[in-house]
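Q: Sequences are here, hints too, so could you generate the full structure?
2 protein chains.
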Amino acid sequence: MRIIVAGGDGFCGWPTALYLSKQGHDVTIVDNLARRKIDNELHSNSVTPIASLEDRVAKWKEKTGKTIKTFIGDLNHYDFLCEVFRQVEPEAFVHFAEQRSAPYSMIDREHAVYTQSNNVIGNLNVLYAIKELAPECHLIKLGTMGEYGTPNIDIEEGYLEVEHKGRKDVVPYPKQPGSFYHLSKVHDSHNIMFACKVWGIRATDLNQGVVYGLHTEETEMDEQLVNRVDYDGVYGTALNRFITQAAIGHDLTVYGSGGQTRAFLNIEDTVRCVEIAAENPADRGEFRVFNQFTEWFSVQELAEKVQKVAAEENFNVELSHLDNPRVEAEDHYYHAVNTKLRDLGLEPHLLTDEVLRDILRTVVAHKDRIIKDNVLPSISWK
Amino acid sequence: MRIIVAGGDGFCGWPTALYLSKQGHDVTIVDNLARRKIDNELHSNSVTPIASLEDRVAKWKEKTGKTIKTFIGDLNHYDFLCEVFRQVEPEAFVHFAEQRSAPYSMIDREHAVYTQSNNVIGNLNVLYAIKELAPECHLIKLGTMGEYGTPNIDIEEGYLEVEHKGRKDVVPYPKQPGSFYHLSKVHDSHNIMFACKVWGIRATDLNQGVVYGLHTEETEMDEQLVNRVDYDGVYGTALNRFITQAAIGHDLTVYGSGGQTRAFLNIEDTVRCVEIAAENPADRGEFRVFNQFTEWFSVQELAEKVQKVAAEENFNVELSHLDNPRVEAEDHYYHAVNTKLRDLGLEPHLLTDEVLRDILRTVVAHKDRIIKDNVLPSISWK
Chain A
85 MRIIVAGGDG
95 FCGWPTALYL
105 SKQGHDVTIV
115 DNLARRKIDN
125 ELHSNSVTPI
135 ASLEDRVAKW
145 KEKTGKTIKT
155 FIGDLNHYDF
165 LCEVFRQVEP
175 EAFVHFAEQR
185 SAPYSMIDRE
195 HAVYTQSNNV
205 IGNLNVLYAI
215 KELAPECHLI
225 KLGTMGEYGT
235 PNIDIEEGYL
245 EVEHKGRKDV
255 VPYPKQPGSF
265 YHLSKVHDSH
275 NIMFACKVWG
285 IRATDLNQGV
295 VYGLHTEETE
305 MDEQLVNRVD
315 YDGVYGTALN
325 RFITQAAIGH
335 DLTVYGSGGQ
345 TRAFLNIEDT
355 VRCVEIAAEN
365 PADRGEFRVF
375 NQFTEWFSVQ
385 ELAEKVQKVA
395 AEENFNVELS
405 HLDNPRVEAE
415 DHYYHAVNTK
425 LRDLGLEPHL
435 LTDEVLRDIL
445 RTVVAHKDRI
455 IKDNVLPSIS
465 WK
Chain B
85 MRIIVAGGDG
95 FCGWPTALYL
105 SKQGHDVTIV
115 DNLARRKIDN
125 ELHSNSVTPI
135 ASLEDRVAKW
145 KEKTGKTIKT
155 FIGDLNHYDF
165 LCEVFRQVEP
175 EAFVHFAEQR
185 SAPYSMIDRE
195 HAVYTQSNNV
205 IGNLNVLYAI
215 KELAPECHLI
225 KLGTMGEYGT
235 PNIDIEEGYL
245 EVEHKGRKDV
255 VPYPKQPGSF
265 YHLSKVHDSH
275 NIMFACKVWG
285 IRATDLNQGV
295 VYGLHTEETE
305 MDEQLVNRVD
315 YDGVYGTALN
325 RFITQAAIGH
335 DLTVYGSGGQ
345 TRAFLNIEDT
355 VRCVEIAAEN
365 PADRGEFRVF
375 NQFTEWFSVQ
385 ELAEKVQKVA
395 AEENFNVELS
405 HLDNPRVEAE
415 DHYYHAVNTK
425 LRDLGLEPHL
435 LTDEVLRDIL
445 RTVVAHKDRI
455 IKDNVLPSIS
465 WK
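As they're listed, the protein sequences go chains A and B. Residues 85 to 466 (the working numbering) make up the first sequence, in order. Residues 85 to 466 (the working numbering) make up the second sequence, in order.
Heads up, a few of these hints could be off.
Heads up, the list lumps identical chains together, so a pair's fine if it works in one copy or across two of them.
Claimed, not checked - DSS-like, lysine-lysine: derived pairs with alpha carbons at most 25 Å apart:
hint	residue 1	residue 2
1	Lys389	Lys252
2	Lys249	Lys424
3	Lys281	Lys252
4	Lys466	Lys106
5	Lys153	Lys252
6	Lys215	Lys466
7	Lys281	Lys466
8	Lys451	Lys121
9	Lys153	Lys451
10	Lys153	Lys215
No wet-lab data here; the hints were simulated from the structure.
A: See the structure below:
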């Protein structure tokens, strides 16, 4: 299948591109390299030293004989996007190419505006490109479980059956996102649903949990194929951040009481979920929503898991509770449905001690690269 | 009260600015004059000849002794917006300043992108300006009943009580908007709700029905104060469009079967609803939603009402049914709640034959200004 992976130089996009290429798909990466530029802006880095995109795909070719084409450019430039569509004639468009950090979107007005404009307009352009140039192309869009917030009822996969004043309907699941970033994904979901309805576009919205881990079978094939690992207070996701703190002997800093429960998955499941979506495309006009996660934990539980494994590896660290820089409920109901990807064949990699140990050892191996000033939160929601 | 009316040169904004000024409020208009520029772009016009904003406010001063300050500029220019906030120190910010035509947003990609970018980013800027410069200022934001779409259950005012799998919650009412314009308003609503939660902003979202009419007591005080009346297939709302067709002896063109039911209100109620919201501000942190309409009709009923009154005035016209240029249900349930504004004192002006006759006579008086090519729909959703 001819597949475009937009954002294919990023944390989720890169291993996904490799995995799909390995499975025999004809993969094209589109990326504006924004994530690398933001590293410069924030004076942050990946724990693992990552090669340039050019070197990455050259190494992949050398190792596997497989070609991944690359286009460096921005989805917000519609002429560029159309040219990519004309050359590739994609059958699936996997869309990771959005600003993906909630704290980054909350830095100030300019970062909020950048996040919503970049994400919403880029995605609108993708919808128009599919409509105009590749109407059969299946849009596989990365959303987030954070779109739902933490309602006091079960979180369903995109839709909710409602009975109200004696009448029934199935409606889009009401969203209560918690940052301008999460809001941008909600805006995207609404725009995509509408495009499916009026233009008959086929789309799958993958509401992904918090991703942890770094390796996949493919990224481990060579040092130059290694995935990035973010650990800073802006781009680092909770688990990777705790592991990095453990590696440098820093307290594991839990925001508030740590009672916030979130859905998680391993990067190895991310790549498989995208494959499952691609191999089982949505129908023309269908707006399909999958909740893409395998387990859920409170932030406190997560920190305790890391603390235990770290101690076994002789990194003894304490948990400490910081004033929560976010505005969010710390004690809430959480129960989310995730059966659709399982029904299509996903076999979860769960968060075992071995998985934690493997990430920890990788981080320790690159310990000297860690910028200690970056491990604490620096951005407040207020 | 110091009130900014953003979009105060437009169809709803102008009569609102006059009305609030008349009530003794200190009114400032902010407008980028986009609506006048779009007239040029679309080769369209107002049936009534409207004066420049400068002449309008000069005439208002002459007639009433009251000053309405004006700032010509764009909410998307944050420095400009901040300067306005610093000079005015607003206690209420009435936000009409968005691209408001569904067909315009559906012309092509560029118009969709313009609509969402202009509306969403402009509104984000307003939220930041309130947060940073006037935290007590009450945001009165114009939304639309079209945010809800046509669900098979009753439409409530912003929130829905849900019982699901034995648990209960009150959630944001699920939205199913029908154009990129309507989507932009949904995005705004989500952004505002979040800003209320994290920054304690006070906001009222007025989900307004389709507005008809043109005169208010204030706009009738002088020819130079007259309001604009749009009748074209892009900016004309259903009722004003039918009346204009009747005035030139054109068939009243109903889209599809005409079974689409929509909520309506008179422009005289628009101005009063805004006053009610301003005089009863939302609490700090409260995201309050009012459904701002007084009656609902199917498009077919509306056309028949116009046909009857037109015949009495010796304009005999037929109804004709066009292929629906929109993608929308033509036969659906519709029942929407609108008690909150009534409870606060709104006394509706209903759609009587007299009201129709008055609009028709005004249009007939300016009949020579009507560009006949513009009365049919020119933009398809597909």
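Q: Can you tell me if Lys153 and Lys252 fall within 25 Å by alpha carbon in one copy, between copies, both or neither?
A: neither (49 Å within a copy, 50 Å between copies)
Q: Is it within a copy, between copies, both, or neither that the alpha carbon of Lys249 lies no farther than 25 Å from that of Lys424?
A: For Lys249 and Lys424, only the inter-copy Cα distance (19 Å) is at most 25 Å; the intra-copy one is 30 Å.
Q: If the cutoff is 25 Å on CA atoms, where do Lys281 and Lys252 land: within, between, both or neither? Let me know, please.
A: within (21 Å within a copy, 30 Å between copies)
Q: At most 25 Å between alpha carbons: which applies to Lys153 and Lys451, within, between, both or neither?
A: Answer is neither; intra-copy 33 Å and inter-copy 61 Å both fail.
Q: First find the shortest C-alpha distance between Lys451 and Lys121 inside one copy, then the shortest across copies, and answer within, between, both or neither for a cut-off of 25 Å.
A: within (22 Å within a copy, 59 Å between copies)
Q: Checking Lys153 and Lys215: alpha-carbon separation at most 25 Å within a copy, between copies, both or neither?
A: Within one copy only: 23 Å inside, 46 Å across.
Q: How would you label the pair Lys466, Lys106 (within, between, both, or neither) given a Cα cut-off of 25 Å?
A: Neither way: Lys466 and Lys106 sit 45 Å apart in one copy and 38 Å across, limit 25 Å.
Q: Which holds for Lys389 with Lys252 at a C-alpha limit of 25 Å: within a copy, between copies, both or neither?
A: neither (44 Å within a copy, 32 Å between copies)
Q: First find the shortest C-alpha distance between Lys281 and Lys466 inside one copy, then the shortest across copies, and answer within, between, both or neither for a cut-off of 25 Å.
A: The answer is between: 10 Å across copies meets 25 Å, while 38 Å in one copy does not.
Q: Classify it for me, Lys215 with Lys466: is the Cα-Cα distance of at most 25 Å met within a copy, between copies, both or neither?
A: So Lys215 and Lys466 pass the 25 Å test across copies only (10 Å; inside, 40 Å).
Hint violations for this structure: numbers 1, 4, 5 and 9, all remaining hints satisfied.
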